[in-house]
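Here the structure of chain A is known, so what remains is to put chains B, C, D, E, F, G, H and I in place on it, guided by the hints.
Residue numbers (this note's numbering), protein chains in the order written: chain A, 1 to 155; chain B, 156 to 238; chain C, 239 to 356; chain D, 357 to 531; chain E, 532 to 646; chain F, 647 to 1171; chain G, 1172 to 1286; chain H, 1287 to 1373; chain I, 1374 to 1467.
Hints listed in this document are in silico derivations from the structure and should not be mistaken for laboratory results.
What you were told as hints is all true, and nothing was included just to trick you.
Going by beta-carbon spacing under 8 Å, a handful of chain A positions derived as facing chain D: (1) K5; (2) A9; (3) M27; (4) R62.
Simulated coverage check for chain D against chain A, where a stretch passes if three residues somewhere in it have a Cβ under 8 Å from a Cβ of chain A: (5) 359-368; (6) 389-403; (7) 467-473; (8) 484-495.
Here a beta-carbon is modelled for each residue, glycine too, at the ideal position from N, C-alpha and C.
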Amino acid sequence: MSMSKIVRAAACVLLPFILVFGFYIVMHGHLTPGGGFQGGAVIATGFVLLMAAFSYDSITARLSKSSLTGGETLGLLLFIVTAAVALGLGGTFFGNWLANSGAIFGTPVAFGANPGNLNTAGVIPIMNLAVGIEVLGGLSVILLYMLSGVHEEVA
Amino acid sequence: MIDILNGLVLIGLLVSALFIVRCRDLLSAAISFGIFSFLLSLEFYILQAPDVAIAEAGIGAGLTTAIFIVAIRGTTRWEGVRE
Amino acid sequence: MIADTIILVCIAIGLVFNTLGVIGILRFPDVYTRLHAETKTTTFGTIFLSLAVIVYAISRLLSDGDAQFLTLSVHTFVALIALAFTNATGAHAIARAAHRSGQVPSPAVIDRYSEGDA
Amino acid sequence: MIPFIVTALAAFAIYLILTAGSGTVGLWSPFELGAGAVVSLLTAAISRNYFCGSRDYRMANPLRWLYCAVYIFVPFFLEMARANLDVAYRVITGRIRPGIVRVSPDLATDFGVLLLANSITLTPGTLTVGIDEATNDLYVHMIHIGLGKEKKEIFESGDLFTFFPLADWIRRIAE
Amino acid sequence: MVLYNLPFIAAGLLMAFGIAAMLLRRNLIKMIMGLSLVEAGVNLLLVSLGYRAGGIAPIFTNAPRDLMVMPTVQAMTLTNIVIGIATTALLLSFVMVIYRRYGSAEADVVRRLRG
Amino acid sequence: MIVPSLLLQHAPALLLAVPMLGAFATPLLGRLGSGIRNAWAVLAMLCTLLIAVVLATEVLATGTIVYAFGAAAPHLSVPLDSGGIPIRIIFTVDAMSAFMALFASIVGFAVLLYSLKSQSRNSGQDGYYALLLLLTVGILGMVCTGDLFNFFVFLEINSLAGAALVAYRVDKGVAVEAGLKYAVLSTLGGLLVLFAIALLYGQYDALNIAMIASRMQFTLLDKVALVMLVVALAMKAGAVPMHFWTPDAYSMAPSAVTAFLVVASQASLYGIFRVVFSLYGLALDCLTVGWVLIILGVLSMFVGVTMAIPQKDVKRLMAYHAVSQTGYMLLGVGVGVAVLGNQDLLTAYGRIAMEGGIFHIINHAMYKGLLFLTAGAIFYRTGTRNLNKLGGLGHSMKWTMVFFMIGALAIAGIPPFNGFASKLMIYESVFLFNPLLSIIAMVVSILTLASFVKVFHSIFMGPKLPEYADVREVPAPMLIGMGILALFVILFGIFPQQVVDLLITPAAAALIDQGGYIASILGGA
Amino acid sequence: MAAIMTLQTGTGFWNPIIWIIAFVIAFVFAYLIWMLGEKDPKKTGDLIRPYLSGNPEPAKEAVHVPGGNLYWGFTEALQGYYTRVVPLHSGILTDYLLWFLGVMAFVLVLVGVIV
Amino acid sequence: MTDIWVAAVVVLVALIVLTMVRLIAGPTVPDRVVALDAINTLTVAAMILLAVIYEQIIFVDVAIVYALLSFVGTLFIAKYIGGELGQ
Amino acid sequence: MRVIITAVVVIVLSLAVLSAAAGLDFGSPVHTDMDDYFTGFGQVLTGGNNIVTDVVFDFRGFDTLGEATVLFTAVTGVGLAFRKRKEDEDYEYE
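So here's chain A without its partners, still in its complex pose (with noise of 0.2 Å):
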């Protein structure tokens, strides 16, 4: 069964929120606190807010276990690729091939202190990314099939 009007509502305005401010956790991973993990996490915690809010029926009609686990594998693969690419460009499995390049994410930073620009830090940004899917995904399928384990056992 859902919640009340009023919290389904707050849930919904909320969600974007949260996902923006997870999506710039990650994204932002190499300048301020937090990283992959973390804002995979918040991303996360938004769709559990909607499992929170909303009843497990509808819930499931737009939030598929197979999607999210697809997502959560997609992201395992570009982490272990992208730690992977930098075998066939001469380095050692986790070289940051991208690093100080000048490439996209390769503009190299002086030591000190530095107000922070996205464009830095090689292969990290990319692997934040990844990571962040991959948490999404696992985190709330974990919820997703532990509901189902509690719905099976009401109906």
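Relative to chain A, chains B, C, D, E, F, G, H and I alone:
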């Protein structure tokens, strides 16, 4: 001054941990776990670890509480229930 | 400094209201009245504390011209909005759940919710 | 399509607020703007059915938001301050006379009801306990009901506030 | 000096509370809560190991200062937090399945495997 | 030929990356169809096996291989500007690690082939294959890594994947109970391991095993860390009196998984050896730690085998035997630890005892895996594991009977199978150390034989029972999986000296040579 | 061939070839003894019917000893040991944890950390 | 000036510890949730003030995450108490 | 008896975990060379201002991969525990 702050937060942590151990109502224990996560996150914040604080706030306070509540819903609320 | 005075006043008001809220949580007789003390008073106190931070940030922004204080004030304001919004909705959710779980408001002159279709 | 665009715009606005002060294009750096575009598209793809679930776009009008800001800073804040002093008095003296009453604000949209309910909840002394899903009538717990007032079957929304008719303000914002 | 080590003492006490909860309580969910307490204690210990008096968070922003607290432990703690929630979720879903089959979540009822 | 050189150069990384990639893609491919998914899983495991072979030959030819993740070059473990400290995660693959990785991937491959048929009737196979590959990842990571925190992470992967696999058959709830016990115990153990790692980090500000070893002071905190590491890992390896999860988990898991869980336990055993020899080395109180390991070993041997005798469930019986056999390894290596400080005794018999213990690890993995697979084959056809109900299967399941006989004779230490070779080394060297221990070991061996005679009698002998009239031989992939392991059992039994020379002696030497281990990371220091 | 198969154990050696040869010789002896027996014994009649203490042999299904009873004598003889050890495997998770942590505490005391 | 901020934070944390009396005493679960919400609010306030004390502007992000996410825990508890979870 | 053993075990382990407070100094670690390398060179080597993220994703990236793998393992395990079973797999337990 910062030391007093530190000490107060740690006392709060220990009290809520003790309540988790002592309370027979699992739902109250889960609530106490939420408070515990809050205070742990604050302590990480005071110890200059904002990354960890965000992770603990998001995962510990939000998701872990939710998971515990769902698990309590799936089992039983009171300790010592035997059927 | 006028900014310092404002900050001091704001912090004082915030702390007083937070303290009152906590005392209210400890003193009031049932859940609903405690929710009154908790949600509103502590939120109000926190608004004033955040106001102190915003005033501080703006004063530093004006004196130093450093863009990070703009970030500070904006983010503090965002935190404030989020806090007020979630606190209000959360208080409603708790009150409704408490009522659904069968907790009647113990000193109450009237209870239309139980009479209604709840 | 319209929900997607509306949600994306809202998300982009939020992202811009969060990253204000990062660079030289206005207040933002170009990379932030690009990232913000990507993020808002992602967000819109995920949340359009929730954010615009009611297919009601009147809140997309910026004037209403301006009005909303005015509402928050002037009438609502004053009400809140007044009521806080009231509750502070009751915390100290312990003189309370609580009860749950029914209020009929006659609001139609979900957002309006949400705004009013949160305003009521944040205003000390009153607390939204429940809502009648069909008629949008609110059940409000009041910490102090005036003597004899509890006889009234349905409260007017104006009875809850002292200085401003907040329900009318909200009707102007959201409807 | 010992009093100055407050976070270490608190971390040790948290671990001790968790271990005590696991040994003294028979409810499986309470035992998992104890496990989470132990994990939280380890996290607190890790983070306080990396603290240096007067240091700032290891993030370069507009606020420069010489000393920074140690970043490695924070990375380790992050990893441990995610591992912790993964473990907790797995264990709790096991308990839910067990409750459905056994009708109880007490450790001294869940003992069909013995001998 | 860029591919072979790439493979050679990055073998330690690929050894982990390939099964991980396989595991992540398995659920996705499972949506396309079960055939594609099975082929993918087999391919991933086969590639892992090939890489492990390549890595092992390379290590045996050139000595310890070092792989620094993310450095400019794989062997650049210490950056030039860092003042001589390793900062990145470094894989240190010496002879012992290569040996463990090699046989783990062999068993894994056999188990995967076996599962293709034995699990084909169950639901949730996508998760099953992914978890099997993840368990491989956990084991390989544990044995290859040279970094303590990395070791912890792989320990957790190992525990969680193992627990999820144990709980695979959720229907009756009993398997989930076993999985819960395993998961709770191993998670607590893992957290205590992390606590020990934190203590070491707090004192030495290093996570690399070689770096910590070179700075080791053996203070009070180091002692606490040592005890926590050794006891937690011994619990994971299933030493008595912390073995209680073993029979539960081993008996309730699918048989293929059980065969692999044995290897997972051996990886924890490897962890103990690595901690004792490489991390602490001569700094520790050798005699005490050695005797602790010996006592754990002797208790394991005796309690395991005596508890096995009255069992009615065939897999539970085998699980108790696994506990008992773990005792031999602890005994052998414990003797090695006890005389570690004394060079004369070490050359006299300590080294041989360690070689016996290490040789027993691989032998045990092979024959115990074989036995569990035969038990699974019997269960596959009859649907029961109760010895009181079974009987007369020798008429209809001849190949399974032969494989079972090979495994049973090997575990009992009957020549000419491989169990005898390693047990002989242990008996002789331990006899020089303390005759009583050796006699206990022999008695345990006899009891093992007795117990397996019983199992053999009750399952295969006797008249053909009516309820099993239409039981047939198991399908070919299961037989192939068993056949691979049986082949290794016989080969190792006939050519023991070759195996010892090729794999075991370098492994034991690598364990004892702490200075060489440190030098391989830190340079000539 | 024989040389490469020899396992040197430091104080002794073991060669599977010798064992196999010994087995073959034993088998040959057994075969010879079997050869010495009567070539075609009588296939029928009371002479070859087995008796147990004068009674006719029951059907094979009736004498099938189930595995659980095979070592009844052994377990009966070690009754005292088994009544102590088997209850230890109680199936209660708390007990298992107590054993694990108890061994850890014992070793801590043994190594001399906690005096 | 910094001392004032620090003193304010100390008072806030002391209030948090005081609120835990309600957590332990509160006869019913909703009472304890009230304590949870109060502690949540006070912690956010303390975090915002600490960001000023540490002169680390970006720390405010933690407070935002906090304010947003603790809501979810409250909602789940409320849903459980109201008997609506799992339907 | 059991209570006494439990109490003794808890006390001994508490002392052991509290030994960290006796042997280490809060706020002033003895060796800091590895972390000094990170704070000193991390920003220039990788370009990220947040050293923690640099450590998580670059210097100790493999740990992060392992940790993501743990999460994947848990998700798979939870999915297996709550899976919809088409058939009741038939086996008996004694």
